[in-house]
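Trainee: Protein sequences, first through last, are from chains F and L. Numbered according to our numbering, the first sequence terminates at residue 454, and the numbering increases by one at each position without gaps. Numbered according to our numbering, the second sequence terminates at residue 454, and the numbering increases by one at each position without gaps.
Please keep in mind that the hints were generated in silico from the structure rather than gathered at the bench. Among the hints, erroneous ones may be present.
The list treats identical chains as one, so a pair stands whether inside a single copy or across any two.
[Said to hold, decoys possible] Heads up, simulated DSSO-like pairs for lysine-lysine below, C-alpha to C-alpha not over 27 Å straight-line: (1) Lys448 <-> Lys327; (2) Lys264 <-> Lys137; (3) Lys198 <-> Lys253; (4) Lys394 <-> Lys253; (5) Lys198 <-> Lys264; (6) Lys394 <-> Lys271; (7) Lys219 <-> Lys82; (8) Lys169 <-> Lys219; (9) Lys151 <-> Lys271; (10) Lys135 <-> Lys29; (11) Lys239 <-> Lys198; (12) Lys394 <-> Lys330; (13) Lys448 <-> Lys330; (14) Lys169 <-> Lys135; (15) Lys277 <-> Lys448; (16) Lys235 <-> Lys221.
There are 2 protein chains.
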Amino acid sequence: MRAVILAAGEGSRLRAYSKRPKPLIPLLGLSLIERNMLALKECGINDIVIITGCYDNEIREYLGSGQQLGVKINYLHNPQWKLGNGTSAYTFQQEYRENEKYILMMADHIFEVELLRRFLKEAEKVKQNELLLASDSQLEKVYDLDECTKIKTDGNHAKILGKNLKDFNAVDCGLFLDTGVLQRTLSKTIEQGAYTLTDAVNLLAEEGKVKLHFVSHYWVDVDDKASHKYCETVLLRSLVPPKDGFISRTINRKFSLRITKLLASTKITPNQMTVFSFLIAALSAASFAMLSPLVGGLLAQLSSILDGVDGEIARLKFLKSRYGELFDSLLDRYADYLIVMGMSYAWFGATEHTTTALLVSAAALAGLPLSMLFKEKYRNLTGKPYLPEIHDGRLRYLPANRDGRLFIIMLGGILNQIPAALALLAAVTHLQTLFRLKAVRNFL
Amino acid sequence: MRAVILAAGEGSRLRAYSKRPKPLIPLLGLSLIERNMLALKECGINDIVIITGCYDNEIREYLGSGQQLGVKINYLHNPQWKLGNGTSAYTFQQEYRENEKYILMMADHIFEVELLRRFLKEAEKVKQNELLLASDSQLEKVYDLDECTKIKTDGNHAKILGKNLKDFNAVDCGLFLDTGVLQRTLSKTIEQGAYTLTDAVNLLAEEGKVKLHFVSHYWVDVDDKASHKYCETVLLRSLVPPKDGFISRTINRKFSLRITKLLASTKITPNQMTVFSFLIAALSAASFAMLSPLVGGLLAQLSSILDGVDGEIARLKFLKSRYGELFDSLLDRYADYLIVMGMSYAWFGATEHTTTALLVSAAALAGLPLSMLFKEKYRNLTGKPYLPEIHDGRLRYLPANRDGRLFIIMLGGILNQIPAALALLAAVTHLQTLFRLKAVRNFL
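Based on the sequences and whatever the hints tell you, model everything.
Mentor: And the structure:
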């Protein structure tokens with residue numbers, strides 16, 4: 011399927027804050043239109059048509075053939091862009107292939123990838139002669155309702171649309187699936203001197219041909235400075251994965267998301283962050299071994315926070331890779347091992363090499379990879395991820411996932427209680443394994 | 011889909027060796043017909059019709075409703091079974107539903123489950139008015155060719171069949187997918203006084219309606235004492251999983267398969283074997299700790315051998331479970347940990363608690379779960395298992411998988427070289443991880 015992105019407008023309200031044309035305004039390391047193209051690509055759409063208007067040259071120069079992003083871009087210029095966005099959408103007419111279904115979206119509307127994915131799934135079921143429109147009925151959550159195009163709905167269909175509608179129960183997200191019917195209608199409305207997209211959609215709505223897909227994920231129309239900032243906030247919030255443990259969710263992400271925001275506009279890659287987080291862990295281990303438990307503990311927690319950043323950057327900038335994930339998992343295990351070995355070494359020296367130190371250290375070391383082993387095996391057996399927040403029940407407060415373990419280590423370092431921290435690590439990790447084995451017995 | 015199993019004959023040649031009717035003769039812990047039903051169940055077929063003849067009562071009494079096996083059995087009795095197996099197959103006519111596709115098989119032909127699975131996949135594509143017949147064209151591998159029904163083929167179709175055919179290039183495996191055409195033909199041939207299945211199949215072959223599915227997995231017609239023994243051998247051989255490492259393949263399986271053969275007829279469950287293997291490992295750990303490295307080493311290797319038995323029994327007797335696999339994986343990790351901790355404890359005592367002993371032991375301990383971590387993560391990322399024999403290249407000779415690690419431990423025990431064994435364990439496990447990370451970089 012092809013996607014058509016409208017990038018013809020002037021974007022006057024953001025113009026005051028940025029020299030770039032609106033579709034090229036950066037947001038967390040990617041321009042708005044790049045983010046949309048990469049999101050489409052993640053959903054399997056690589057063939058993109060951009061309709062330019064006001065900033066034809068700038069946009070072509072900036073994006074080129076799309077090769078760098080891994081997509082194919084064709085440009086169409088709409089010299090009449092000033093008349094209204096209906097003329098821009100209608101510019102696609104010259105490229106439209108009979109019976110083709112295509113996605114129509116705005117360069118400056120940013121969607122969570124999952125929203126796009128579900129819309130595309132719904133799009134498979136749309137009938138010829140219908141237009142599918144993404145709409146949001148959770149009005150209390152919609153940002154800047156005043157600026158939205160409102161919809162009065164009739165079940166799953168739109169009855170009437172308009173910016174100044176008084177009686178409405180949903181808003182238009184600016185994401186369409188056209189089966190050709192919109193192009194035909196645009197040709198009529200434009201001839202009659204009605205130049206906006208809403209004019210054509212309204213005509214179709216009157217005929218009962220605008221089917222609505224109600225979204226449940228976030229989307230933002232980036233229109234001004236405030237919505238730009240809001241979009242950053244929701245994008246960052248969406249980066250927290252469901253697999254997160256309790257400490258990570260309540261503490262680490264508060265910091266890691268800020269770091270990610272700072273690093274987003276740099277060229278730092280997720281794998282570089284993985285290595286950096288590992289190096290901090292190695293420094294933590296060395297600090298423990300050299301009898302600076304306070305520094306060791308703080309560095310361990312820093313490493314734990316940084317451990318979230320690689321994944322956040324990867325998701326934020328569409329840089330996820332299977333190798334990256336494997337590399338991160340294994341380096342995390344080594345980081346854990348090194349820190350615990352540093353702690354053991356310190357304890358060992360302090361107690362003149364007792365057998366207790368050896369055995370407790372060994373038990374703590376052995377416990378470190380168990381959570382990952384369990385989760386990976388579980389996923390392979392069931393095809394579903396093991397999510398501590400859901401599957402562990404009350405056990406999720408046991409600090410035995412990585413976030414919890416490194417938190418124990420930090421406390422052990424700050425309070426200079428290495429033996430107790432190691433004993434606690436051993437206890438929580440082995441207990442967690444035991445409980446999990448018991449818990450899944452009945453439903454595996 | 012339903013399956014019809016012919017179990018009507020007298021089985022005179024095996025009668026001399028067993029008091030039971032042939033379909034009920036045990037083979038590695040399951041009767042022949044039970045094995046076939048459980049194999050069908052594993053392929054998704056739970057609705058089974060058994061045609062009895064000579065031993066109607068015995069078979070009904072032994073198998074009952076099938077509930078215990080997790081299948082539904084309907085019995086049909088063929089009083090004319092002595093006339094020929096065509097009359098038994100035709101007994102199904104009274105139950106046959108219009109346009110139904112069903113599997114027809116013999117109670118005493120044993121198939122590898124994968125053969126059945128592929129046959130069923132091919133069966134989806136068979137046309138109405140055709141009969142699909144499993145046949146084997148690898149004649150040099152066929153057991154007791156003399157006894158087989160031969161086929162002269164014409165591409166993917168049978169031309170003529172017969173036990174005494176001179177010119178042939180495949181044999182009949184006794185596994186059919188009938189679309190109804192066989193039942194109609196049997197009614198004709200039986201009326202004409204031709205009572206065997208081959209008579210009807212031959213008539214269809216003449217009309218070009220017998221499509222052949224060529225098998226590549228093993229199957230055995232269990233007809234006499236020799237073929238019974240042969241079937242045991244190939245069944246046991248099929249239990250070695252593709253994930254096996256070098257030491258396991260060349261040494262451990264030689265012993266474990268014999269143990270499995272001995273235990274097959276007992277009620278011992280795979281999970282019980284998992285626990286038993288773990289207890290032997292715990293004994294090995296205790297022996298090392300109590301300064302009996304020779305015993306410790308031998309018990310470690312015994313535990314390694316026993317570690318194969320749980321999976322073999324599970325596959326052999328259709329007792330696989332996801333929980334069993336998870337339980338085994340985690341208990342194996344604990345077994346490894348305990349043994350290495352026992353060795354460390356011994357070394358630690360012998361060297362008056364040196365730091366070297368602490369660090370080398372920690373490195374060895376940390377290396378133990380890495381192979382599993384890598385393989386599970388790889389499988390989750392790619393959807394495919396990581397098979398050391400295939401993916402590791404020359405690295406597969408590095409004894410860093412569990413079979414190799416326990417072999418190193420055995421050698422360390424026998425030669426009383428615990429420090430060297432621990433150092434070697436640490437070296438091979440971490441090297442393997444490093445090499446694997448490097449190797450998958452390009453194709454992940």
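Trainee: Evaluate each hint against the coordinates.
Mentor: Against the structure, the hints come out as follows:
1. Only between protomers do Lys448 and Lys327 lie at most 27 Å apart by alpha-carbon distance; the minimum there is 25 Å, versus 40 Å within a single protomer.
2. Taking the shortest Cα distances, Lys264 and Lys137 never come within 27 Å of each other, neither inside one copy (45 Å) nor across copies (62 Å).
3. Neither within a single protomer nor between protomers do Lys198 and Lys253 lie at most 27 Å apart by alpha-carbon distance, with minima of 51 Å and 65 Å respectively.
4. Both within a single protomer and between protomers do Lys394 and Lys253 lie at most 27 Å apart by alpha-carbon distance, with minima of 12 Å and 22 Å respectively.
5. When the C-alpha separation of Lys198 and Lys264 is checked against a cutoff of 27 Å, the pair qualifies neither within a copy, at 52 Å, nor between copies, at 80 Å.
6. For a Cα distance limit of 27 Å, the shortest separation of Lys394 from Lys271 qualifies neither inside one copy, at 30 Å, nor across copies, at 35 Å.
7. Taking the closest pair of Cα atoms, Lys219 and Lys82 never come within 27 Å of each other, the shortest separation being 31 Å inside a single copy and 50 Å across copies.
8. When the C-alpha separation of Lys169 and Lys219 is checked against a cutoff of 27 Å, the pair qualifies only within one copy, where the shortest distance is 9 Å, while the shortest distance between copies is 59 Å.
9. With identical chains, the CA atoms of Lys151 and Lys271 are at most 27 Å apart within one copy only, with a shortest distance of 23 Å there and 66 Å across copies.
10. With identical chains, the CA atoms of Lys135 and Lys29 are never at most 27 Å apart, being 42 Å at best within one copy and 62 Å at best between copies.
11. Taking CA atoms no more than 27 Å apart as the test, Lys239 paired with Lys198 passes in neither setting, with 39 Å inside one copy and 82 Å between copies.
12. Taking the shortest alpha-carbon separations for Lys394 and Lys330, both the intra-copy value of 19 Å and the inter-copy value of 19 Å come in at or below 27 Å.
13. In the homo-oligomer, the alpha carbons of Lys448 and Lys330 lie at most 27 Å apart only across protomers (18 Å), although the nearest pairing inside one protomer, at 34 Å, exceeds that limit.
14. In the homo-oligomer, the alpha carbons of Lys169 and Lys135 lie at most 27 Å apart inside one protomer (20 Å), although the nearest pairing across protomers, at 48 Å, exceeds that limit.
15. Proximity of Lys277 and Lys448 under a CA criterion of 27 Å is satisfied inter-copy only: 24 Å between copies versus 46 Å inside one chain copy.
16. Proximity of Lys235 to Lys221 under the C-alpha cut-off of 27 Å is found in neither arrangement, the shortest distances being 32 Å within a copy and 71 Å between copies.
Of the numbered hints stated above, those contradicted by the structure are hints 2, 3, 5, 6, 7, 10, 11 and 16, listed in ascending order.
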